[in-house]
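Build the full structure now, drawing on both the sequences and the hints.
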Amino acid sequence: MTVAGSPMPLPPLRNVRVVDLGSAWAGPMAGHLLADMGAEVIKVESRARMDGMRLGRPMVGEDLAGGDRGLWPELQPVFHGLNRNKLSVTLNLRTEAGRGLLQQLASVSDVVLANFSPGVLERLGMDYASLRVVKRDIIVASMPAFGDSGPLRDMVAYAPIIQAMSGMMSLVGYAPDEGEPLVGELQAAWSDTVAALCAALGVVAALRRRNRTGQGQYVEAAHLEGTAALLGVPMLDYQMTGTIPVPPGNDDPDFAPHNNYPCAGDDTWIAIGVSTDQEWQALAGTIDSDRTDRVRLATDARFADQSSRWANRRALDEVIAEWTIELSPQQVTERLQAAGVAAMPVMNIADQFADPHLNARETYVEIDHPHAGAEMVYGVPWRFSGTPGAVRTPAPLLGQHNEYVLRQLLGIDGSRIDDLIAQQVVY
Amino acid sequence: MVSAPFCAKVLGEFGADVIKVEPPEGDAARRAGPFPGAQPHVERSGLFLFANLGKRGVTLNANEPAGIDGLHRLLADTDIFVENQAYPTLAGAGITAEELRVRHPHLITVSLSPYGRTGDYREYAGYDLQVNALSGMSFGTGHPHREPLTTPVRQAGYLAGLGGAYAAIVALLARESGLTGGEYEGGQYIDIADSGVISTLLTGYHLPTFIYRGIAGSRSGNRMRLGLFPNCVLPCRDGYVCIDAPQMEQYQRFLHLLGDPDWTDNPRYRDRRAMSDQYPQEAENLIAPWFMEHDKAEILQLCLENRIPCAPVLTMDEALELSHLHQRDWFVESEHPDAGAYRFPGAPVRLHGSPGRIVRPAPLLGQHNADVLGR
Numbered sequence: 003m004t005v006a007g008s009p010m011p012l013p014p015l016r017n018v019r020v021v022d023l024g025s026a027w028a029g030p031m032a033g034h035l036l037a038d039m040g041a042e043v044i045k046v047e048s049r050a051r052m053d054g055m056r057l058g059r060p061m062v063g064e065d066l067a068g069g070d071r072g073l074w075p076e077l078q079p080v081f082h083g084l085n086r087n088k089l090s091v092t093l094n095l096r097t098e099a100g101r102g103l104l105q106q107l108a109s110v111s112d113v114v115l116a117n118f119s120p121g122v123l124e125r126l127g128m129d130y131a132s133l134r135v136v137k138r139d140i141i142v143a144s145m146p147a148f149g150d151s152g153p154l155r156d157m158v159a160y161a162p163i164i165q166a167m168s169g170m171m172s173l174v175g176y177a178p179d180e181g182e183p184l185v186g187e188l189q190a191a192w193s194d195t196v197a198a199l200c201a202a203l204g205v206v207a208a209l210r211r212r213n214r215t216g217q218g219q220y221v222e223a224a225h226l227e228g229t230a231a232l233l234g235v236p237m238l239d240y241q242m243t244g245t246i247p248v249p250p251g252n253d254d255p256d257f258a259p260h261n262n263y264p265c266a267g268d269d270t271w272i273a274i275g276v277s278t279d280q281e282w283q284a285l286a287g288t289i290d291s292d293r294t295d296r297v298r299l300a301t302d303a304r305f306a307d308q309s310s311r312w313a314n315r316r317a318l319d320e321v322i323a324e325w326t327i328e329l330s331p332q333q334v335t336e337r338l339q340a341a342g343v344a345a346m347p348v349m350n351i352a353d354q355f356a357d358p359h360l361n362a363r364e365t366y367v368e369i370d371h372p373h374a375g376a377e378m379v380y381g382v383p384w385r386f387s388g389t390p391g392a393v394r395t396p397a398p399l400l401g402q403h404n405e406y407v408l409r410q411l412l413g414i415d416g417s418r419i420d421d422l423i424a425q426q427v428v429y
Numbered sequence: 233m234v235s236a237p238f239c240a241k242v243l244g245e246f247g248a249d250v251i252k253v254e255p256p257e258g259d260a261a262r263r264a265g266p267f268p269g270a271q272p273h274v275e276r277s278g279l280f281l282f283a284n285l286g287k288r289g290v291t292l293n294a295n296e297p298a299g300i301d302g303l304h305r306l307l308a309d310t311d312i313f314v315e316n317q318a319y320p321t322l323a324g325a326g327i328t329a330e331e332l333r334v335r336h337p338h339l340i341t342v343s344l345s346p347y348g349r350t351g352d353y354r355e356y357a358g359y360d361l362q363v364n365a366l367s368g369m370s371f372g373t374g375h376p377h378r379e380p381l382t383t384p385v386r387q388a389g390y391l392a393g394l395g396g397a398y399a400a401i402v403a404l405l406a407r408e409s410g411l412t413g414g415e416y417e418g419g420q421y422i423d424i425a426d427s428g429v430i431s432t433l434l435t436g437y438h439l440p441t442f443i444y445r446g447i448a449g450s451r452s453g454n455r456m457r458l459g460l461f462p463n464c465v466l467p468c469r470d471g472y473v474c475i476d477a478p479q480m481e482q483y484q485r486f487l488h489l490l491g492d493p494d495w496t497d498n499p500r501y502r503d504r505r506a507m508s509d510q511y512p513q514e515a516e517n518l519i520a521p522w523f524m525e526h527d528k529a530e531i532l533q534l535c536l537e538n539r540i541p542c543a544p545v546l547t548m549d550e551a552l553e554l555s556h557l558h559q560r561d562w563f564v565e566s567e568h569p570d571a572g573a574y575r576f577p578g579a580p581v582r583l584h585g586s587p588g589r590i591v592r593p594a595p596l597l598g599q600h601n602a603d604v605l606g607r
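Listed in order, the protein sequences are those of chains A and B. If you want this note's numbering, it's the position in the first sequence, counting the first as 1, plus 2. If you want this note's numbering, it's the position in the second sequence, counting the first as 1, plus 232.
Hints in this document: simulated from the structure, not taken from any laboratory. Quick caveat, the model's predicted, so the values are computed rather than measured. All C-beta atoms in this analysis are idealised placements derived from N, C-alpha and C, irrespective of residue type, glycine included.
Pulled a few chain A residues facing chain B out of the computed Cβ check, cut under 10 Å:
no. : residue
1   : Tyr160
2   : Tyr176
3   : Gly186
4   : Ala201
5   : Val235
6   : Thr389
In silico SDA-like pairs for lysine to any residue, Cα to Cα no more than 20 Å straight-line:
no. : chain 1 : residue 1 : chain 2 : residue 2
7   : A       : Lys137    : A       : Thr215
8   : A       : Lys137    : B       : Ser586
9   : A       : Lys137    : A       : Gly413
10  : A       : Lys137    : B       : Gly585
11  : A       : Lys137    : A       : Arg211
12  : A       : Lys137    : A       : Arg19
13  : A       : Lys137    : A       : Gln106
14  : A       : Lys137    : A       : Arg212
15  : A       : Lys137    : B       : His584
Okay, here's the thing in structure tokens:
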């Protein structure tokens, strides 16, 4: 754990200004991925239509109903993670003047980011065709669920729906012969994170091209395509074998054993995977050394090579579970890793938060928020040796940077700003 | 295997000239399936063909001085070096962060590994299973009475690869902006833990739930935790369907599709948070019969027409035939001289002003040794 805010000598995207129209998950995450690396990301929001992540159960107290009504916009911790390092300007896009200011802001920016449904950018006058008129080399990046075209273009979707339509969800579950209903759900917004990464990736690729050619462009990161782009192996599996891929459970045909095994204690598990005979001998030798009264695993013909271990993997799972159930996940990890076998406790967030390795790598960092005080958010996953990213500033308060954006960037004088506030254009 | 090859494949889709470097016996992915007719063959691995689409390929033996020299000659004329080698290999091949900085000060290295190149676990053995375990993905996936499930078909590695591609281009922008300072001369070493990517961008949001509410997570099977009913996966007449309709108007449109059933008058079935968190099975039993009366195609059509976030769980064969993706011209048809013609996923993101395209299939083992290495 480290304290954010240490000097960042060379932020790699320091000359890039981004107008962030994102809300919920994918849009804001794409924005913070760029902001983490030094881009000036201006979140455009409004009390007239707040980012849904500013709503809900606040960090203190149980005022869920009040939170849902927008009483606690500065005390939503998930929002704080997704919007760190950004500035905030409040523009009411239901007003013509608000939309005008937004376009003006785009004209002094490099990138516009949004995760609206198809057609909304056009209605706001913020689509690429409209914006290239006011800023010749603008880059507009959008994250539609299914894309801007095609029969499913207007389908309403959240991450699980995308995962369902990509085929990925059909693979999340126990092997069908075990008689369990499909699991399907991952307790994380997989497709949203994929889309955020794809959008940020598309933006930096487009920036590099702009720097070389002077040309802007439209970047389209459809959630469905990003998610399905990672599924080449099951797609080829079907084409090559003619068999429809089913949930593999924890099986992987290149490994045996390969599973999460129960340990001593409530709901504690250890992930063990073996892909070579050498790793198997190391695993078998470790287990054998604890059970001298039994037949030696290392010479058990059922487990002699990869193909026999795979064929007998359920029996193998039982033998390993008999051993792990007496030990803690940490004990198993230490002993197996010392022997060169891949093993890791199956961690929940409490385990992760306490884990020295994750903390040494700044997986979670502390930041001081003006309303929330010292709080933890997740860190920057790429560790650059020369131009590091960082969590430098907390998520902005609603409209915290109105003065900077309106006066300094757009050159609007104070009395005019007062008028805009009175008219609820800046709101 | 997965993370580094996929990272470089994505860079290739943007037009980079990607050279795949393999040991003389080939990347281990060549021995991993799937294979046509389930018959293993070094030129026909589905994993290899997918993760290396569009690249040229050379072979170098990093266990011999000549091979290591060859690698470093190649790196001297390279912008981005992507690797996911096991920790003990790094020093032997001269590709530790320190050696690379000294020998190739302008080189951008993207180092992808299960746990990262620093920290207590840096030398630990690990695969995607351990990445999912450490990063908190597995713990919450699966039925409560069963063992946790890793993400299927090594998805963590692909996601980390995507992140690696992002980091690589950010570093390229930094190098080309003329920034310098300290020991930074344009090149740099980017240390990415697959588990770090997942722990931050996927499961990092569990942290506040733990800190402020003391909830460390649990498996909740076919339903999302801590949401609003309905948010689950249920069987339908010919498979499964997924519904996730948090907004009241979406839920009401769904109830209307069900014929505005009488149970909606019962106060017990008006608290959607309680239905999701306290008695989800009971709540799901209310809507399950409707799904069993319809098939996937009907459900998709009805939910599309009525703007309800609900969709069939497509199997991979169905996803490959999804007309939406075909009308968007997304898939890539590529023919490999040995393995044959297959349909591959298209690019993860579209650059409309400079669309990428795949110009060649994955390389045969050592196919471009003469072109690239001059031998």
